[in-house]
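A.B. asks: Read top to bottom, the protein sequences are chains A and B.
Per the numbering used here, residue 1 is the first one in the first sequence, and the count goes up by one each step.
Per the numbering used here, residue 1 is the first one in the second sequence, and the count goes up by one each step.
I should point out that these hints are in silico values taken from the structure, not numbers from a laboratory.
Don't take each hint at face value.
No copy labels: a pair is met if it fits in one copy or bridges any two.
Under the rule of at most 27 Å between Cα atoms (straight-line distance), these lysine-lysine pairs were calculated in the DSS-like manner [unchecked claim]: (1) K162 - K95; (2) K129 - K162; (3) K162 - K78; (4) K26 - K129; (5) K78 - K95.
If you want the building blocks of each chain, they are given just below.
Number of protein chains: 2
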Amino acid sequence: MSVSMHAASIPVFQHMLTNLRHILEKGEAHAQARSIDPAVLLQDRLTPDMLPLVRQVLIACDAAKNGVARISGVPAPKFDDTEQTFAELRERIQKTLDYLATVPASAMDGTEEREITFPVGRDATRTMKAQAYLLTWVLPNFFFHVTTTYAILRHDGVELGKADYLVGAAR
Amino acid sequence: MSVSMHAASIPVFQHMLTNLRHILEKGEAHAQARSIDPAVLLQDRLTPDMLPLVRQVLIACDAAKNGVARISGVPAPKFDDTEQTFAELRERIQKTLDYLATVPASAMDGTEEREITFPVGRDATRTMKAQAYLLTWVLPNFFFHVTTTYAILRHDGVELGKADYLVGAAR
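Bound-form chain A, shown alone:
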């Protein structure tokens, strides 16, 4: 008995992307209830040189999608990164979930020792074995952007609690 590479990746991303969608829905409802222009939330950031909410969501999606694509070898769709509304972010998350659903467990499992080369910053690459890449790069990066999305909305007064992040709409 042990954890498969599939179990440690795709269901985790599916679970947390669903919770991310739920968090964004609460943000959208908050904007609507207070007559706040949704763009105010979507373009907000925790500090001037951090990325705005909309980019946090795009990168969370890409962390999951590109991480799984690099490990599994199942090509991922490329997105244009033009999302500007809550509806478009929902669609982005759905497209990411749709891709993840196409990747069979068999394409992830047994890849632990596979060498994965991935971009770091604009000009560099790094190579790690798939297991280390998933556990110490892809997952931390993915959770970083989901949490930062949550943090921006909390900072903007959206009523969210830890259960929204951990359990999502299913609670």
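Based on these hints, arrange chain B on the given structure of chain A.
C.D. replies: Chain B in isolation, oriented as in the chain A frame:
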């Protein structure tokens, strides 16, 4: 070949707690360089009803420590949660790392199906199998508090980048 419960937990926590320590060291150096009372950073929060930085660090440590203790059955030390300085947070992280180092891989491995009952909020408990508990509860919760620590320091002007979070002092 597959990912062991040990590989999916203890080395990930060790890696990220080391990066958390590095992030805090940058925060401490920032306070010193600008003659900021360290308590201003340690008691800062992203919004009034979120926990301050010092608590984010304590909870990150406890997420790792208590998660591993519940899964492995290796009793964890109980901490008094009295930390108020950067030095004390470093010590808290070190004590957590010391505990994690005592847990043999054999105590984690093979626990995937073990039923884990854990507290949720003040009065409730929840039961999940150890694999789901680790992947969809402990890890997301742990990363949440490490990222929020980073976010509070970034919000306070500490010069941190994603590499500090993902790679830490080793970069």
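A.B. asks: Each hint needs a verdict: does it hold in this structure or not?
C.D. replies: Hints, verified against the model:
1. Taking the shortest alpha-carbon separations for K162 and K95, both the intra-copy value of 26 Å and the inter-copy value of 26 Å come in at or below 27 Å.
2. In the homo-oligomer, the alpha carbons of K129 and K162 lie at most 27 Å apart only across protomers (21 Å), although the nearest pairing inside one protomer, at 32 Å, exceeds that limit.
3. For the identical chains of this complex, K162 and K78 are inter-copy neighbours only, at 23 Å across copies versus 32 Å inside a copy, given an alpha-carbon limit of 27 Å.
4. Taking identical chains as interchangeable, the C-alpha atoms of K26 and K129 are never at most 27 Å apart, the minima being 38 Å within one chain and 29 Å between chains.
5. In this assembly of identical chains, the alpha carbons of K78 and K95 lie at most 27 Å apart only when taken from the same copy (10 Å versus 44 Å across copies).
The structure fails to meet hint 4 from the earlier list, while all remaining hints are met.
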